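The listed protein sequences derive, respectively, from chains A and B.
Under my numbering, the first residue of the first sequence carries the number 164, and numbering increases by one thereafter.
Under my numbering, the first residue of the second sequence carries the number 119, and numbering increases by one thereafter.
Careful, some of the hints might be misleading.
Listed next, the in silico PhoX-like pairs over lysine-lysine satisfying Cα-Cα at most 25 Å (straight line) [what the hints assert, rightly or not]: (1) A:Lys228 / B:Lys219; (2) B:Lys219 / A:Lys263; (3) B:Lys170 / A:Lys263; (4) A:Lys228 / A:Lys170; (5) B:Lys172 / A:Lys263; (6) B:Lys170 / B:Lys187; (7) B:Lys172 / B:Lys187.
Simulated from the structure, these hints should not be mistaken for lab results.
Here the structure is a predicted model, which means the values were calculated and not measured.
Each chain, letter by letter, is given below.
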Amino acid sequence: SAVISQKPSRDICQRGTSLTIQCQVDSQVTMMFWYRQQPGQSLTLIATANQGSEATYESGFVIDKFPISRPNLTFSTLTVSNMSPEDSSIYLCSVGVRGKYNEQFFGPGTRLTVL
Amino acid sequence: LAKTTQPISMDSYEGQEVNITCSHNNIATNDYITWYQQFPSQGPRFIIQGYKTKVTNEVASLFIPADRKSSTLSLPRVSLSDTAVYYCLVGGFLFSGGYNKLIFGAGTRLAVHP
Numbered sequence: 164s165a166v167i168s169q170k171p172s173r174d175i176c177q178r179g180t181s182l183t184i185q186c187q188v189d190s191q192v193t194m195m196f197w198y199r200q201q202p203g204q205s206l207t208l209i210a211t212a213n214q215g216s217e218a219t220y221e222s223g224f225v226i227d228k229f230p231i232s233r234p235n236l237t238f239s240t241l242t243v244s245n246m247s248p249e250d251s252s253i254y255l256c257s258v259g260v261r262g263k264y265n266e267q268f269f270g271p272g273t274r275l276t277v278l
Numbered sequence: 119l120a121k122t123t124q125p126i127s128m129d130s131y132e133g134q135e136v137n138i139t140c141s142h143n144n145i146a147t148n149d150y151i152t153w154y155q156q157f158p159s160q161g162p163r164f165i166i167q168g169y170k171t172k173v174t175n176e177v178a179s180l181f182i183p184a185d186r187k188s189s190t191l192s193l194p195r196v197s198l199s200d201t202a203v204y205y206c207l208v209g210g211f212l213f214s215g216g217y218n219k220l221i222f223g224a225g226t227r228l229a230v231h232p
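Please put together the full structure from these sequences, using the hints given.
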């Protein structure tokens, strides 16, 4: 299993500014993922961030808007740049763990409100 | 990537068995079928996973027919605390050691009433 923490848990930001969200895992994992969940909606995958390689972004998401760092096997950051109210959402990180159940473990999420 | 289709919402009462069916017609040979549960203000949580036939754990059962084009999550004797969104996903870790990313569908919003 894996225990994931995210910082901050929530924030209120002004449009045009940037916010960096941190994701910390209690064990070393290769595969990390960043998702966005808008109010009342399902999760949308933003990017896959594997240690040792550039993040792979899904259609509709670009590195300039959502730069990701993955400096080691237990940590990653997602920056939401030049924010607008449309970026108001919950941002979640998750890790893939290969084991008996080959599951993903999710962090608690960061609730972002952009004014 | 295999797309999944689930009912948008379901209602049940305490003590009843709930069955949520998911269709995944384009499932690949190496795909697992996994169900996640999400409570408000929390990240999704793993419930159960299977490849074929039936899987049972302390929380739920998962029924997968031979063609694997659908699966049914069965929650026995639900309680109010089972009110949540349930997601069916296909993909994840491959037998070959690779990984097919998980794409979330709309999920099923289950409401359990007293």
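To see whether the hints hold, each was checked on the structure:
As the CA atoms of A:Lys228 and B:Lys219 are separated by approximately 21 Å, the hinted pair is consistent with the 25 Å bound. The straight-line distance between the Cα atoms of B:Lys219 and A:Lys263 is roughly 18 Å, inside the 25 Å bound, and the hint therefore holds. Taking the CA atoms of B:Lys170 and A:Lys263, the gap is near 15 Å; set against the 25 Å cutoff, the hint holds. A distance of roughly 19 Å separates the Cα atoms of A:Lys228 and A:Lys170; the hinted pair therefore holds under the 25 Å criterion.
A threshold of 25 Å between alpha carbons decides the hint, and for B:Lys172 with A:Lys263 the separation of about 16 Å falls inside it, so the pair holds. Between B:Lys170 and B:Lys187 the CA atoms are separated by roughly 10 Å; this keeps the pair inside 25 Å, and the hint holds. A hinted pair counts as satisfied when its Cα atoms are at most 25 Å apart, and B:Lys172 with B:Lys187 qualifies at roughly 14 Å.
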